[in-house]
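Peer 1: Sequence:
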Amino acid sequence: MGVGSKIRTFLWGEKPATRAEQVLLWKIDAVVVTFCCLQFLSNYLNRANFGNAYLTGMADDLKFRGKQFNQVQSIFTAGYIVGLWPNNLILQVVPPRFWLPFCGIMWGTLSATLAAAKTPQHVMVIRFFQALFESSTFTGCHWVLGSWYKESELGKRSGIFSTFAQMGSLWSGIMQGRIAQTMNGHLGLKSYQWLFIIDFAIAIPIAVFGFIFFPDTPRKTKAWFLTEAERQLAVDRLPYHPPTKMSWNLFKRTFGRWHIYMFGALFGFGSMLESAGINSVMGFWFRSMKFPKAKINYYPLSLIAIAIFTTVLAAYATDYFRSRWWVNPLMGVIVCFSSILLLVWEIPYGLKFFAFAIQGAGYMGQATNFAWANIACADDEQERAVVLAGMNVFSNIVNSWWNIVLYPATDAPRYRNG
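Just so we're aligned: the sequence shown equals residues 317 to 734 in the working numbering.
Note that these hints are calculated values from the structure, not bench results.
Ideal placement from N, C-alpha and C gives every residue a C-beta, glycine not left out.
Relax, there's no trap hidden among the hints.
Each computed SDA-like pair below joins lysine to any residue, with the alpha-carbon atoms no more than 25 Å apart:
#: 1; residue 1: LYS668; residue 2: ILE656
#: 2; residue 1: LYS536; residue 2: PRO332
#: 3; residue 1: LYS331; residue 2: THR533
#: 4; residue 1: LYS331; residue 2: ILE691
#: 5; residue 1: LYS379; residue 2: LEU505
#: 6; residue 1: LYS668; residue 2: TYR614
#: 7; residue 1: LYS466; residue 2: GLU544
#: 8; residue 1: LYS536; residue 2: THR350
#: 9; residue 1: LYS536; residue 2: ARG335
#: 10; residue 1: LYS568; residue 2: GLN698
#: 11; residue 1: LYS383; residue 2: TRP717
#: 12; residue 1: LYS538; residue 2: PRO555
#: 13; residue 1: LYS466; residue 2: GLN408
#: 14; residue 1: LYS379; residue 2: SER390
#: 15; residue 1: LYS538; residue 2: VAL410
#: 16; residue 1: LYS538; residue 2: VAL339
What follows is a set of in silico ranges between Cβ atoms, one per label pair, in the way DEER data are often shown:
#: 17; residue 1: PRO558; residue 2: ASP377; range: 54 to 60 Å
#: 18; residue 1: PHE607; residue 2: LYS434; range: 25 to 31 Å
#: 19; residue 1: VAL410; residue 2: LEU657; range: 46 to 52 Å
#: 20; residue 1: THR543; residue 2: PHE637; range: 32 to 38 Å
#: 21; residue 1: PHE637; residue 2: ARG494; range: 36 to 42 Å
#: 22; residue 1: LYS434; residue 2: PHE527; range: 30 to 36 Å
#: 23; residue 1: LEU667; residue 2: LEU503; range: 42 to 48 Å
#: 24; residue 1: LYS538; residue 2: LEU503; range: 41 to 47 Å
#: 25; residue 1: ARG335; residue 2: VAL551; range: 17 to 23 Å
#: 26; residue 1: LEU503; residue 2: GLY572; range: 54 to 60 Å
#: 27; residue 1: ASN500; residue 2: GLN338; range: 48 to 54 Å
#: 28; residue 1: PHE607; residue 2: PRO645; range: 33 to 39 Å
#: 29; residue 1: PHE527; residue 2: GLY572; range: 33 to 39 Å
#: 30; residue 1: MET605; residue 2: VAL721; range: 24 to 30 Å
Just need the whole structure built from these sequences, with the hints factored in.
Peer 2: Structure representation (structure tokens):
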């Protein structure tokens, strides 16, 4: 294999066997990957915007006190956990082209209602119901991606999809910074209120796109833009697995195998490494130094940029080398090094900035671990759905207490325990 072929294989995977398969892959990428990425972007904008809104006016206007910020985060996490398994099992019955866009409309609408919240308690209730619908996207889209792509194709698509969470955070910081400069007070609304309204405006067209174009899964698709031959090719090009069904033995099929325990523990413990991003700790550091609101939103984007870069790099590398386990110890070493620097604390500003930023490497295992689980559970559609949701359940159970105990807002900006 020449250098050019190796580069092409690294970037795009193995070349499709026929022109027809190449055209099919283009169509799948253009619709399935695009919708999943946009849906996840909207999803994560909602999550990231709460942290940015809190730091740029909401905390004072709604009179948040003590650990109420962390309580809102934990209530959101609880709602997310409650929704995970039901949402993925609903996808076994209700076509994804209906359920996923419907959930997008619901969380977008709830986001708009946050602009009218008057107390922290209002925020807690709204965020709980947002979480119920938002929990459909991450594991649901990973399940759909695992239904369409070969092992050599899946990691990089999962990586691109996963980075849209970080792009949502990136865009949220830029949006809030710009809105704070240009729209604060417009029509009598604060900048953070406009942020929630814009979230709604973004969610609706993405949902419409999904209703029109999203093709469900290969065995069930009736997508109008795929020919009958392409629908059959979508099934034939993947390794054959006998169809499985929703039944009462799903519990035994899932919990009688090792997949849910290994991948659940792997992602549960791995999500601990994402705490710096989840809890906006870099933003709290800049806030403690009395930086302007725009800089509080812009500067932490360095952590997000590191998260995007390392996630994509790991996803491409694991597809190329067909090995995924090594990503987990690597991100552990990077985050451990960063944490040691932040524990010392009395270090130069530039080094501290660097230490916060490389915490973004804690996200790099997301895509590779979900691709790994998709491949390991490929012979049972329903088990795969439960395992993927279970990974997020384990992760969010950890986060439901982790941020209150180790990252309370009252400890900002120096989180010794965390």
